[in-house]
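Starting from the known structure of chain P, arrange chain E with the ligand on it as the hints suggest.
Residues per chain are reported as follows:
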Amino acid sequence: MRRVLTPLGITGFALLALILFLAVFAPSIWGDRATTVDVPSALQGSSSEHWLGTDALGRDLFARVLVATRLSLELAAIATVIRVAVGLLLGTAPMFLGRRLGGVVMAAVTILVAFPALLVVLFLATIFGVGATGAVLAIGLAGAPSFARLCHTLFASVEASDYIAAARTAGVSRPRILFRHVLPNVAEPLVVSATIDMGYTLLAFAGLSFLGLGVQVPSYDWGQLMQDNLSRIYTDPLAAIGPGLAVVIAGLAFNFIGEAVARSFGTRDDVRRPVAPPRRVPASLRRQDQPDLLTVEDLRVDFTTSRGVSRPVRGVSFSVKAGEAVGIVGESGSGKSMTALAVAGLVDEAGVVDAGRLSFDGADLLDGGDHRRLLGTSLAMVFQDPMTSFNPAHRIGAQLAEVGRTHQALGRRVAWARAVDRLQAVRVREPERRARQYPFEFSGGMRQRAMLAMGLMGSPRLVIADEPTTALDVTVQKEVLALLGEIREQEGAALLFISHDVSVVREVCDRVLVMYAGRIVEDLPASELDESSHPYTRALVAAVPHMETDTDRPLAVIPGQMIDPSESPAGCAFAARCPRASVRCGVEEPVLEVLPSGARVACWHPGEARSVLMEKAEVRR
Amino acid sequence: MTLQLAAPAVRPASWLGGRWVRFAVRRTGRLLVSVWVLATAAFLMVHAVPGDPVRAALGANAPASLVEAKRASLGLDRPLLEQYLSFLQGLVTGDLGSSIVTQVEVSETIRTGLPGTLTLAVAAFVLAVAVSIPLGVGIAVLTRRGRARRTEFAFAGTSVVLGTIPDFLLGVLLVYLFAVELQWFPVAGRSGPESYVLPVIALAAGAVAILSRIMRVEMLAVLEADYMRTARAKRLSPLRTYLVHALPNAVTATLTIGGLLLGGLVAGTVLVENVFAWPGLGGTLVRSMLGKDYPLVQGIVLVYGVLVLLVQTLVDVLLALLDPRSTIGDS
Ligand code: SF4
Numbered sequence: 001m002r003r004v005l006t007p008l009g010i011t012g013f014a015l016l017a018l019i020l021f022l023a024v025f026a027p028s029i030w031g032d033r034a035t036t037v038d039v040p041s042a043l044q045g046s047s048s049e050h051w052l053g054t055d056a057l058g059r060d061l062f063a064r065v066l067v068a069t070r071l072s073l074e075l076a077a078i079a080t081v082i083r084v085a086v087g088l089l090l091g092t093a094p095m096f097l098g099r100r101l102g103g104v105v106m107a108a109v110t111i112l113v114a115f116p117a118l119l120v121v122l123f124l125a126t127i128f129g130v131g132a133t134g135a136v137l138a139i140g141l142a143g144a145p146s147f148a149r150l151c152h153t154l155f156a157s158v159e160a161s162d163y164i165a166a167a168r169t170a171g172v173s174r175p176r177i178l179f180r181h182v183l184p185n186v187a188e189p190l191v192v193s194a195t196i197d198m199g200y201t202l203l204a205f206a207g208l209s210f211l212g213l214g215v216q217v218p219s220y221d222w223g224q225l226m227q228d229n230l231s232r233i234y235t236d237p238l239a240a241i242g243p244g245l246a247v248v249i250a251g252l253a254f255n256f257i258g259e260a261v262a263r264s265f266g267t268r269d270d271v272r273r274p275v276a277p278p279r280r281v282p283a284s285l286r287r288q289d290q291p292d293l294l295t296v297e298d299l300r301v302d303f304t305t306s307r308g309v310s311r312p313v314r315g316v317s318f319s320v321k322a323g324e325a326v327g328i329v330g331e332s333g334s335g336k337s338m339t340a341l342a343v344a345g346l347v348d349e350a351g352v353v354d355a356g357r358l359s360f361d362g363a364d365l366l367d368g369g370d371h372r373r374l375l376g377t378s379l380a381m382v383f384q385d386p387m388t389s390f391n392p393a394h395r396i397g398a399q400l401a402e403v404g405r406t407h408q409a410l411g412r413r414v415a416w417a418r419a420v421d422r423l424q425a426v427r428v429r430e431p432e433r434r435a436r437q438y439p440f441e442f443s444g445g446m447r448q449r450a451m452l453a454m455g456l457m458g459s460p461r462l463v464i465a466d467e468p469t470t471a472l473d474v475t476v477q478k479e480v481l482a483l484l485g486e487i488r489e490q491e492g493a494a495l496l497f498i499s500h501d502v503s504v505v506r507e508v509c510d511r512v513l514v515m516y517a518g519r520i521v522e523d524l525p526a527s528e529l530d531e532s533s534h535p536y537t538r539a540l541v542a543a544v545p546h547m548e549t550d551t552d553r554p555l556a557v558i559p560g561q562m563i564d565p566s567e568s569p570a571g572c573a574f575a576a577r578c579p580r581a582s583v584r585c586g587v588e589e590p591v592l593e594v595l596p597s598g599a600r601v602a603c604w605h606p607g608e609a610r611s612v613l614m615e616k617a618e619v620r621r
Numbered sequence: 001m002t003l004q005l006a007a008p009a010v011r012p013a014s015w016l017g018g019r020w021v022r023f024a025v026r027r028t029g030r031l032l033v034s035v036w037v038l039a040t041a042a043f044l045m046v047h048a049v050p051g052d053p054v055r056a057a058l059g060a061n062a063p064a065s066l067v068e069a070k071r072a073s074l075g076l077d078r079p080l081l082e083q084y085l086s087f088l089q090g091l092v093t094g095d096l097g098s099s100i101v102t103q104v105e106v107s108e109t110i111r112t113g114l115p116g117t118l119t120l121a122v123a124a125f126v127l128a129v130a131v132s133i134p135l136g137v138g139i140a141v142l143t144r145r146g147r148a149r150r151t152e153f154a155f156a157g158t159s160v161v162l163g164t165i166p167d168f169l170l171g172v173l174l175v176y177l178f179a180v181e182l183q184w185f186p187v188a189g190r191s192g193p194e195s196y197v198l199p200v201i202a203l204a205a206g207a208v209a210i211l212s213r214i215m216r217v218e219m220l221a222v223l224e225a226d227y228m229r230t231a232r233a234k235r236l237s238p239l240r241t242y243l244v245h246a247l248p249n250a251v252t253a254t255l256t257i258g259g260l261l262l263g264g265l266v267a268g269t270v271l272v273e274n275v276f277a278w279p280g281l282g283g284t285l286v287r288s289m290l291g292k293d294y295p296l297v298q299g300i301v302l303v304y305g306v307l308v309l310l311v312q313t314l315v316d317v318l319l320a321l322l323d324p325r326s327t328i329g330d331s
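Those sequence lines, one after another, are chains P and E.
Mapped onto the numbering used here, the consecutive letters of the first sequence carry residue numbers 1 to 621.
Mapped onto the numbering used here, the consecutive letters of the second sequence carry residue numbers 1 to 331.
Please keep in mind that the hints were generated in silico from the structure rather than gathered at the bench.
The structure displayed is predicted, hence computed values, not measured ones.
Glycine residues also receive a C-beta, built at the ideal position from the N, C-alpha and C atoms.
Among these hints, one or two may not hold up.
As the list claims (entries may be wrong) - Pair by pair, the computed Cβ-Cβ distance ranges are: (1) 173/P x 84/E: 39 to 45 Å; (2) 19/E x 589/P: 57 to 63 Å; (3) 149/E x 368/P: 27 to 33 Å; (4) 96/P x 184/E: 55 to 61 Å; (5) 317/E x 14/P: 43 to 49 Å; (6) 37/P x 317/E: 56 to 62 Å; (7) 243/E x 443/P: 25 to 31 Å; (8) 424/P x 21/E: 27 to 33 Å; (9) 173/P x 290/E: 47 to 53 Å; (10) 19/E x 103/P: 25 to 31 Å; (11) 492/P x 317/E: 46 to 52 Å.
Here chain P stands alone, though its shape is the one from the complex (with noise of 0.2 Å):
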């Protein structure tokens, strides 16, 4: 409720009660005024004694507007418990009838939703003749199929539940199951919309009474009112609007109220624009001519919500060499795919990037230049939900051909003919057909496909694939992985690999990556991901899973959860879920020390592996 009453909310209340007071006080206080006929002063127009004017018997036009507000009001509300009552009895349909003759209840409705309001209303004030009371009936059954089917629609999502499946298995009765079980669920979306439909009636109303097919003489409501005005709009302009004028704020009203309760249920998206601006390590300091193909240094993102601010990646660095492939592993929410788009310059708007360093193929990509044409040509993407990730409106060769028009000047058939050929490359069957299709013609596997075909309309030295595997199944997953490495043995390019499947990784990659709360906590040879140093590398290897694991549920051995990425822990952020953790865990963040071998880790205690490792380097020395 408290959500409820903001500025919209509290004035939509008090114009409500504005109204409500008129209609159960302004005929006793102003009816005199509005019904003494006085044929002298007929037909004025505004002035202080009649503030809208007088009609063609001479009344009081302000006082009439404001007795009318009763009648407007009361037709207005009657039409609503008809159009409720008979919305209700139609939503459950279905209940009591059975599927086939519930069924056709609904297909009735379906068409009458379809039809506009007015054009019901209409048909069926025809029906039920000119007058105040036609029109209720006529307005009120109108809007009776809207209101059905969202009884409807919000039943079944009640009816779906456990509980009514429950009653219904235990034998309890429909008409119990509907008044003890449903309506009690589905109670205030309904009234709310009743609500709102309230304000719409009653404009529907004030229409109908304005075509003068409404309320008749003598009685008045605001559209007769408006009705018999509207042809003094070139003298007295105000006695056509004014009751207009009524109508709108009665609208107003309940529409107001509508907006803000509605608006109370909705989540808003409260991601706040990001305040402090990056911070810029000064170029003199970077170091220069490093012959990796990717440095970063000291990378962080930042999201700035209002509940603080969130640091999903906080310090990585790394480089990638021409050629390699390097992996990062973690569970989710470790921050690896945020470093993946980080990295491709794909963060959204919302989230800082900084870093001291960040060079792809000799272009520092930190200088605020134009790289669009590198990263087009030279950085290859692949996304992890195949499904997803191509636009559903165009076909895919277009989508392929449009990288070879923007970034190589190709011309619209010369692009064509080269999607058509990398998708050969990737291959696609048929590749001329396929071209012309559409994503959702396309399978998993073959979008993935696709989507590598994508990147090999340049000439990719790195493909950064994010999970690219995780949502296809085994048999799909094996081909999309050999055409990755089919991939970099032609084009030579290095692979940037983000996946929480050890296993996966181990057989992709040259080096792996391991992440735990935005940070690297251990950098090693795939080949020794079996002498880990690290206790989190050590949990993550051994709980890859079996044939027998349910693969749905990856990783979910280890027990205990990730640190949440707005929170910063004062020692090690394993510690909590750590077998090996001690004290100084606890108050000092460990930091990620270069072994001998080149490996690195960030631990206190890396336990009796490191000594393993240790030996073996001094072995190859």
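Quick look at chain E with the ligand alone, frame taken from chain P:
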């Protein structure tokens, strides 16, 4: 070589053509069924009127013989099924009967009134779509992620108020401001192009208010979609990202929700025509309802219904052009 020769058999064009043909057949079928349901409803309307419609139309003082003769000439003394069949037959041949009051053929009256109503409805439809889409997109881009809160507030407020003011009332206000006070446009009637301005605005304004709000919400949703991230990953120009990748999807969603509203414009002409003394079917409908001239009411209601169905079909065709998935409808 054989492979290349075989290829044209599954040429995309014919394959695509097949889908469009199927879409056209299915949609036309639905339209015809809807028209039949509508015609049946219009037929039953007259018979659902309590009492004797002819007596009601001619008044209590009309001699019984006249009423009887009229009943016979309207065919009301025949069995219901026979009347129904001849009514449907009349529809096919364009014979909608004649007015009880004036004897003028209903089809003749419709022929004179339809152009006025149709131009009004079409102009309002075009204006509503042409204004609300760019407006919704513009506001969505401006107010994305809680930016420009004041703009958002002003837009939401204006659209709620504008959406609440009924079209006929807005018409009255417009007449007062721009015709009586400023005298920029004629007060009423259908003459030159300038006479269209006020009625069309009055009719379309409410639809613009609501459609642009829907458009804004849909655009905001589309901007967050995965395929927009793909578009950004392709490093297209921002303009291309918005126009080619976001717009069609947002328009599709908006039309799906707003199609009903656009059909409502047809019915809205009745009220607006009344305000502007516009020579269309609206005035005739109201007069015939007041005069209980049922054959005329029946014919005009039928015409409005068909117009609504045509608008819905048009919206569906637009949707099919924008979003290929909708050609493979389930119904
Ligand atoms: S630093 Fe301590 S808590 Fe963190 S992983 Fe190492 S042993 Fe565990």
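Review point. Hint numbers the structure violates, sorted upward?
Key: Violated: none.
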